[in-house]
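Here this note's numbering is used: the first residue of the sequence shown is 1402, the next is one more, and so on.
Fair warning: there could be bad hints in the mix.
Below, a list of computed lysine-lysine pairs in the DSS-like style, where the Cα atoms sit at most 25 Å apart [stated by the list, open to error]:
1. 1582 to 1797
2. 1947 to 2070
3. 1504 to 1524
4. 1985 to 1725
5. 1725 to 1582
6. 1754 to 1692
7. 1830 to 1933
8. 1927 to 2060
If you're looking for bench data, these hints aren't it; they were derived computationally from the structure.
Since the model is a prediction, treat every value here as computed from it, not as a measurement.
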Amino acid sequence: MKVLKTKHILTITVVFVTVLIVFVQPSRVVLFLGRFHPVILHLPIGAIILTLFIDIVGRIKNNYPSLVIQYALGFSLVFSVLACILGYFLSFEGGYDLNTLDKHLWLGVISTLLITGLFLLSKSKRKRTSKLFIPFFVLTLIGITITGHYGSILTHGSDFLTQYAKTPVKLKPIKQIDSLKLFDDVVFKILDSKCIQCHNTTKRKGELALNTPENILKGGKHGKVIVKGNASESQLFKSITLPLSDDKHMPPEGKPQLTKEEQWLISYWINHNANFENKVVNLTENDTLNKLLEKYLVFETHNIKEASLSDINKVKGVGFSIFKLVPNKPELSVKFQKTELSKDALKVLEKIKDQIIELDLSNTNLSDEMTIGFKKFKNLKKLHINNTDITDVSLKSLYNAKRLQTLNLYNTKVTNKGLNTLLENIVPKHIYVWQTEVDDKAIAMLKSKYDTVIYGAADTNFVEISNLETPTFLSDKNLFVDTISVRLQSKIKNVKIYYTLDGTDPDSTSLIYQDKIFLDRPAQLKIRTYKKGWLPSNILEKKFFKVKHQVSKYNLVNQPDERYPGGNKLFDFKEGSELFRDGKWIGFSGDDINATIDLESVKTIDKISVNCLENVANWILFPKKILVYSATNENSDFRKIGELTINRTGQYGNGTEIKKYTINIPNTKTQYLRVVVENFKTLPSWHEGAGTDAWLFVDEILIQ
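Start from the sequences, fold in the hints, and give me the full structure.
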């Protein structure tokens, strides 16, 4: 009877599925149900794998759970049938390669039939039949695996499974913006990362593929997607700029979205005739375009390790200044600050030879004998050895500096022969040879022979074009309650100062500074100056924070160390610099900060921020934890309303770092607050001062 019942169920299931396939037509309900296919299909897969595990364990322990196996396979069968039905519904959406879709569909049906066979075998009592169970199980797993593979092709493309098994294609370096192809090197990369997953040869959502120029020009089921010269009328641009809530917005909600910069680049490409071949050099010069294209340049990869803090301090100790070219990156700019340079100092400099990208030894007693060590500085991009006594001999030590872009030889004893031999080995982009023994005839010959610009006495621009000096703030204040007026000054006259307030880098199309910048809300201010004949200044950046309440009444349980005193500094609206001895930080050795704050009336607060400093070399660590408590009055019990644990693992970074830690306590009404900033108490085991008191440095507690 049980066998007959099973046969009846299978017969009914087959009839039901057949009716669905023949009579069901696409509708919103059917399409809605089809979206559940990816959810349901994982259930039979997981159940089958678990069933195999239970089967093997049962055989090994001679305790075979027949009934459990039957139930598990019955579960797998039901949900595999359901997955097939929902997958069929999902196929009504279209946009899939029909050949791949058919393979996936029929492989899914075959896998379901194999699971059905397994279910029937599990119910059989015959010994001959039971021997077929394991081989049939393996065959079923193979079927499910192949089915899943074709499913991944439909969803993610043909190389989804093997993408990371292939040897990565090494990109050809593109070091100049002018060398970029606007479509191949920029627009296609944007489409590939955000659009092509759903619009490719295998999966053509809306019958549109964006993986080749031919497919882009062909368009989709609604016609062409680009109108050359008119982005606003192009369906491609319209769909990426529609509100996220719009059904026609692409990519759909939940997928990675195009940034404003990426949208701008696609718009620019379409508006400039959607050319698939042009390089940027063929386009009119545009500040915004050049700025956005910088991140699409491809440079040779050089894995540079961070220089150790001890090595940096040793180099500083012999007279060099050291600056990071990019925060939190290992590349360094180094300059000798004295005039009397020694061999020993250069020997110490070699400790950070891999990290030095820019090196300035100008106006020193540098000689040929001292430059032998230059052979080890292979990552140099800029080298200033002007106003020194070097000759052609020193140039031989630069033959390994293949990345060198700028070489300043002004007022040295370099000759035509030495420069010619140098260019046979490396070709810097810019070379300055004014007041050397290199003559104009040699310069003209070398410029025609090599891809370089050589500045000599005959050049009106023989002096290296310099960056403008960064402007300065008239006030170091960056915290305010209501409004703040920001004023700037520049030592150079007739400069134009441009700024942004949203954290983007300013250029000559940004807001222009007039007399002051008025702020009534938090802002990330970035500033850059421009002047004809000069390179733009480096970007000056400063964050401004609006604070709800400035504290005037407070009490500290523990007083700061007498070397870094002044509890009032916690609420004076003056943030400290990276120099922990600048007088704006207070320091606690081994103790916590425990501050009780009286807001003087019941007020609504949303968050509390604590500005902290870390300098591992000087035994200063970020806090371990920050806790916030509230009370109805100063003497009543305080209840905890917020907590932030600062998880740290391994050895901490070198140098000085400042972080603002924030605890969110939205819409909290209170008058009395207690803020506890927990010290690490003792230095960790890996630290040279392990076991001794750790320092905690804070400059502001902000009520926001």
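Status of the hints after comparison with the structure:
1. At roughly 37 Å between alpha-carbon atoms, residue 1582 and residue 1797 are farther apart than 25 Å, so this suggested pair is violated.
2. Pair hint residue 1947 plus residue 2070 holds up; C-alpha atoms about 19 Å apart against a cutoff of 25 Å.
3. The hinted pair formed by residue 1504 and residue 1524 fails the criterion: a straight-line CA distance of about 30 Å is larger than 25 Å.
4. As the CA atoms of residue 1985 and residue 1725 are separated by approximately 24 Å, the hinted pair is consistent with the 25 Å bound.
5. Between the alpha carbons of residue 1725 and residue 1582 the distance comes to roughly 32 Å, so the proposed pair goes past 25 Å and is violated.
6. Our distance criterion of 25 Å between C-alpha atoms is broken by residue 1754 and residue 1692, whose separation comes to about 30 Å.
7. Taking the CA atoms of residue 1830 and residue 1933, the gap is near 22 Å; set against the 25 Å cutoff, the hint holds.
8. Taken as a hint, the residue 1927 and residue 2060 pair is honoured in the structure, with Cα atoms around 19 Å apart against an allowance of 25 Å.
Checked against the numbered hints given earlier, this structure breaks hints 1, 3, 5 and 6; the rest are met.
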